[in-house]
Structures are given as structure tokens and as C-alpha cells.
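Protein chains in written order, with the numbering used here: chain A, 1 to 306; chain B, 1001 to 1652.
Hints are all accurate, no fakes.
Pairs of lysine-lysine, BS3-like flavour, derived with a Cα cap of 25 Å:
#1 Lys26(A) - Lys46(A)
#2 Lys1160(B) - Lys1104(B)
#3 Lys1577(B) - Lys285(A)
#4 Lys1542(B) - Lys49(A)
#5 Lys1462(B) - Lys1371(B)
#6 Lys1356(B) - Lys1160(B)
#7 Lys1462(B) - Lys1104(B)
#8 Lys1356(B) - Lys1462(B)
#9 Lys50(A) - Lys1542(B)
#10 Lys1356(B) - Lys1374(B)
#11 Lys33(A) - Lys46(A)
#12 Lys1542(B) - Lys46(A)
Calculated from the structure, these hints are not laboratory results.
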Amino acid sequence: MLESILLWSFALLTAPLFAGVIFKVKAFFGGRKGSPVLINYYTLVKLCKKGSVYSTSSTFIFRLGPMVSLGAAATSLLFLPIAGHAPVLSFDGDVIFILYLLGLARFFTIAAAMDTASPFEGMGAAREAYFPIICEASMFMILILFYRLTGDLSFAAFFSGGQPFGLWQTAGSPILFVVIAFFIILLTENARVPVDDPATHLELTMIHEVMVLDHSGPDFAFIEMGAFLKMFFYASIVARLVFPFELSNPALNLGLFSLGLLIVYGSVGVTESVMARYRMDRVPKFVLTSFALAFFATVITLEFLK
Amino acid sequence: MNLFFLSMLIIAAGGLLPLFSFRQFSLMKILGVLGISIGCGLGMLDALSKLSHDGPAIASFEYLNSFSLAFRIDGLSAFFLLAIFAVCLLAAIYSFHYMNHPEKALRTAASYFFFSLLAASMALVVVADNMITFLLSWEIMSLSSFFLVVYDYQTPENRKAGYLYFIFSHVGTMFIFAAFGVLYSHTGSFGFESAGLSDAAKMAAFILAFIGFGSKAGVFPFHIWLPHAHPAAPSHISAVMSGVMIKTGIYGILRMYSILNPHTPVLGTMVLVFGMVSGVLGVVYALGQHDLKRLLAYHSVENIGIILIGIGIGMIGVEANNPVMAVLGFSGALLHVLNHSLFKSLLFMGAGVVLKKTGTRSIDALGGLLKHMKVTGVTFLVGSLAIAGLPPFNGFVSEFFIYVGSFKGIPVDESPVFVVSLLAIISLAVIGGLALACFTKVVGVVFQGEPRSPAAQSVDEKGPTMLLPMIILAGACAVIGIYPTAFMFMVLKAVPALGLDYANIPMEPVARMSANITLGATLFLALLLVILAVRRILYQGKAIGRAGTWGCGFTQPTVRMQYTGSSYAASILEFFKPAAPLEEDHPPVSGLFPRATHYHSHIHDIIERHLNRMVVNPVLWLFDKLRWIQHGDIHLYIAYILLAIVVLLFFV
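Okay, chain A solo, but in the shape it has when bound:
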């Protein structure tokens, strides 16, 4: 239990660090030196020192939004096995609870954006409401596959103990599909290229960044932190799938897990460096790919298990 809580704190503390890796990778591809790896911590501290300016259009929902999204992301990490260790909490069906809790965070992010009366934020909000619908369908498709393989409905059963190594052994090739599907979900849910470009300069083409235009100070720090945690959440799922083993030495195990995370964050950086953002009407097709992959994985598994 204590170890689980320590790992949870590890996740909370290092999430900004890993997100900094993406900047480094992008800088490498751009031939630049890039910002320091700790840049995100500096930003968070800087934001926390500031005050805030609120739009006259906004209401209490605008202030509630950042808190809910941070709270939901932090709660979701409580249920996720970190480095293959049992999570702080786990129950049958916690996967559904967490997915819907992240839905709650999305609701409040959108509501906070609509609160400003800005047409740009409305546009971002409409996209934020649209694309995750497909993500959610493909997440549930993956859950169906995992349930079929493990007979359980909790993150602990999928990613801790002997799993997901056991999953690879029983259904190797479908899991390969799942890794790609998860990676696509990660890109979509965390507003990365090719779905959304966090570094773009035109508000019209943004999704996530435009929704938080009006937030400032500690509120904005909460949003950033929530985004780092959410990214960490998805990245650690993919990392566990890539490195499904668990080493007996806890330190080594954590090292291996961090290596997995570095690979995932690195791939996000590489994707961002070598690809352009899709046109908005192409994005649903891209996200549907992940659903199709998950679907095929499930269909293939039907035969495997016989």
C-alpha cells in the first residue's frame, strides 16, 4: 500500500518531466538545443506565482473547470498500476468509472471554454466534444478484448501482477494492434499532432490550446498539471504494454518503466516532428482507425481462444 502511494506520488512529481522530453525530441529534430528538460516545472512555478484575470463573461464554472480536470486526472492515476505495481485502489469496474471521470473532466473543460463567450473557444470546444466520442468507443472496444482475455474489469487486472505479459502470451498479435490503437487514443486525448498541434500559432486550428486561452495564473497551472497527468496516464498504459515484464528489484523495475515511458514520450515527439496536423475533417477518420484496430484485435482473439 505504502509503495503504491509512493508510486502515485512518483507519477504526480515526474509527469511534467516526461512531458519535457517531447520538447527535447522536437528540438533535436529541428536542429535546436531546445529548452531545458525541467522547463515544465519552471512554467508551473511561474504560473503559481502569478495572479489571474477573469473574463467579465465568465462564471464560477470557469474557475471550477481547471480543478475538476486536475482532480479527475489525479484520481485516475490512483487506479492505474504504475510500473506494474498494484495501484492504490482497485475494484471491479473501475475502468468504466475512470473513463467516465475523465469524461467529467472533459465536460468541465468544455463548459469553462463556453463560459468565456469567445467564438474561438467555442470552436475548440465543439472539436473537443466530437473527437473523444470515437476515442471512447475504441477504448471500450479494447476493454471488451481485455475482458475477454482476463475476465476482469479493472486496471489492476490488466496491467499489474503477471499482466500484460500474460496478455502477450495468450494473444500476441492482437495486442500489437491494441498498442497502436492506444497510441492513437493517446495522441487524440492529449491534443498532440496529428490531431491537434499544441505549438500552432493560429487559434482557428487549435483544439485544446484554444479552449484554455482565457485561463491564467494558478488556474492555468492546474490545467497544465492536469494535462501532464492525463498524458502520463495514457503513456504509462502504452509503456506497460511495450515493456510488459516486472523485475523483482523495485528500483530496476521503476527504471525499466521509466525507460518505457521515455520511449512513448519520445515517439510522441518523433510523430510530432515528422508529421503535419491533419485537416480537421480528416481527424475522425484517423481516430476511427484506432477503433477499427481494436475491433479487428477482438475479432482475431475470438479465434485464438478457441
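Following the hints, position chain B against chain A.
Then chain B, alone, in the frame of chain A:
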């Protein structure tokens, strides 16, 4: 049983007294509200006590020495009674400040009369124990609600809505008659029994009943009356109709299932597929609406879909000999019946306040209401979160149980079970996502941002009796969402009445799942409190400024530049174009000095379109050809009657 009849009597008194006192407007309203609400309160207590007792309560009366009126309250009836009385009670209180047109005193009195009839007849529908009693109550319910729909009969639109509702409810009742006819022809009694029915007869009866009850419940494709009738009725009546009256259709389906006990796997799949289609298309159409109450009406179609998915999973679970799946499916569906009645009536009441204070139902004409309508805005937000199925509110709990029930069907290898469970899960996920999109649109456009028209500018929310029921309902949504255990126990009291032949359903697993939801929700709320505390500290002694919204460099923004509901929903609707064709009227801007242009969009309900073409027009044509029968000559009509009797004598 006596307490139940006493409550019926008080409700009836609450309907009759206003008719005699309409000259005193306030007194009349007080009498109506008190009668209906005290009756409903008593009925609620009775239903609660019935839920804690085992064994049904029975009463029957001989009527005209020819048939008996029989009543029976078992777990299922008591559960539905609870929802009916709770919503009617709050709707009655709400109506006190909502019905504030002294110049329409007589009409208001009549509306109380029909409201009390509706409340009483809904209660009688769910306790009726033979066909005669059931159909009698059913007809009173349909007719009284029809008169409530045409409350504002001067508007042609409302008359049309009433007419449509009238036709649908009566065609639906014909199907129920047919289903009961099938039963009667085999059993020879008016009682609810199915001894001696062949499997084919059971199937026929169930399908007929499903169509009949489905048209009341608003199952796609029998839902067309719903988006017309709900906006037409006064808001507290919309709350009652959408919150509980359409649930009597669900009750009918469940009751038929328990009577027939059909063992045909295909029926479960049928219910589930209807549920999926209703669920997904209901919310897609909702997303495309511009009228707040119409949008909510389409959400009823969606939620009926979710309930049917639960029932379908339950039925399939029974067929697949998977008791866990069956119990979870049915109990999830039943809890969703209660939950939907709470949050949907809350939302309709909220929409009622908006309509009352701004005078418009058009979503795109509103905006920024949260600043002036704190209570309405916050409770509407709670209702929106609940209907979108998000924790920690009640909509999530029932969907959670349906999800878990569906997952229990995944490892089953018998051919339809895996596929339909998969479809159920995916459609629930899609419905959840779309509902979230739809309610961020409603909350975002109606309550947030800046007012889009003068109507939404200087509003207030006076009228404490309108606000109180909404606060209570919002509280109930949160309580069920965080502490569902007690409510799940009530549901589990209702499930055995379905006749599933499971000796006793263990409480322990369900209690554990409920406790888990409580744990997750409290944990999240606790973390939220910690974050709130951190935020407090971080903002201590800091400068908080207020300024206009950042316009991305544009310095002259106007409220008309805001994103509207239509633009918000446009890209999602594009995806569902084949099922929900969008008609746009937008003359292009052209020339150096362009003329004023406009944009108008309307989303077509494909069923409404096709029904006109394929059913209404042929029927009209047919009756046009048969016009010669209708001569207007009374002798001829008497001859028709004689002829009919003679012909019937040959057959009987």
C-alpha cells in the same frame, strides 16, 4: 392497500376542488397543489413501505357484476409508484408559481383536474391486475395527458402536437388490445396469466405489446409524437410526461415479460436492438435541435433506449443462463427508470423557468443565464451532468450496472450473446459521448457566455416554488450518484417481480459494487477539496483582475459572434448525415455590396419523413376512396349497425 386508495382519493380531490373555486385564483392553485402533493406524498410513503415488505398487496372490486377491477402492488409496481409519486409531487409544487395567468383561471383549474387524473391514472396503471383495469387506467392516462398537451390550444402548432399524440397513443393502445386479445383467446380470462400459450403465441403477444407500449415510451421509430407533445405542454406537465408517463410504457413491457415469461432468445435481441437505435439516434436528433424542450424530448428517446438496452441485456442473460448478467441488466434498467425520472423532470423544470422568464425556447437566442439565474443554472448543470452519465451523479450509476451486465455477456460463446453484448457496450459508449456533447451545448449556449438576444438580457428567477423542486431533484441526483446502495436495494426488491425464477437474489455483490462507486466518488470529491484548498492558498493576497474575453487580437467583439448551438453541433451532425439529414437554407453572400442574408437549418427526423410518405398518404388515399360509405344519412348508419350484428352472429 387502503393507504394507496386514500392517496388516490386525495389526489382526485386536489383535481376536483379547483374546478369549483376557480374564481379565487390563488385559493384554487393552493387547493390543487395541496391535494395533489399531499396525495402523492402519502402514496410515496405507501410505496416505500411496500418496497420494504415482501409479498404483494391485493384488492379487487366487482364492477357492474360483469367484471372485476383488480389491483395488486408487488415490488415492480411499488418501484414505479415511487417514481410516479415523487415526480408528480414535485411537479405539483412547481406548478404553483408556474401557472401564473389569472386571466386563464378556468383553464388552469381544468389543467389541475387533468393533472390529478393523470397522476392517479398512472398510479392505477402500474397497480392494475387485470386487463380491464389496466386498459381503463391506460385510457384515462392517455386522454388526460392529451388535454394537458393542448393546454395552449390557441396555437395551431400545439393543436397539431395534441392531434399527433392522440393518434399515436390510440394506435398504440390498439396494439395493446391486440396483445391482450392474444392472451385472452388462449386463457379465456381477463387476468394477467399466460397458462397454455404456445411459444409462437407468446412471441406474437410480446411483439404486439412491445409496439403498443413502445409507442407510449417513445421507442424509435414510434417516437414521433414525443418531440411535438413535450414542448407543447406546460413545463411541469412535460416533466411528468417525460419523467414518468412514458415510463409506464417501460412498465408495460416489463409486466408483459413477467406475465408471458417467453423463452425465445430473439426477443431479448429485438429489445436490445430497438434500445440501441433509440439511444443513438435519439441523442443525435437531440443534438440537432434548436428548441430547448424539443431537445429534451429527444433525450427521452435516448434514455428510453438506454433502459431498453438494460432490459435487453437482462432478457438475454436469462436466455443464456447467466443470472448475474440478467440481474445486473434488469436492475440497471430499473434504476435508470428512477434516475431518468429525476433528472429529466429537473431539466424540464429548468427549461420551464427559462421559458417563463425569457419567453423563448430557442437555444440560439439565449445565453449568459447563469449569471442571473443561479439556482436554475446550477441545478440544470447538475441535471446535465447526470443525464450525460457522469460520476458522481445518478445517471452514471445505472449506466455502470448496465455496462457491467453487458460485460458479463462478453465471455459467453453462444452465438448472439457475445455480439449483442459487444453492440450494447459500444452503443452505450457512443451514447455517453454524444450526450456529453449535447449537454455541453445546452449548458454552454443557454446558461453561459453572453446573452444572444434582448430576451435573455435582464432576467430574474423569482418564484420559490419553482426553485424548491429543482433543488430537491438536484440533491436526489447527487445522493443516488454518491450513495447508490439503498436505491439498489429497492431495485432488487422490484426485480423478483419479473418472475426470473431465481430463488433469491444475493444482495452482497450489488452492495459491493455500490460501495465501490461510493468509494470512487468520495475519493474524487476529497481530492477536489484538496485542490480547492491549494487554490485558496495560491490565490491568497493576489491581484484578481476582470477584463473582457481575449478576442485573439480582435478588439470589437459582439455577442453575435459567439458560437451558437447550431455551429457547435454541426461537425458531429455531419458524421451522422445519413441518419439525420440536415436541411440548410443559406443564400450565399455575393457581390461587392452583398444583401442581407440569413441562415436557417433544420434537422429531419427520417422516420417522420418516411411515415408521411409511406403510411399517412396511403391511408389518406384509402379513406378518401371509402368516403362513399359515409353518407350522412342516419338510416343508413342504423342499417350498417344491424348488418354488422347479423354478420357477427354468424361468426360467434
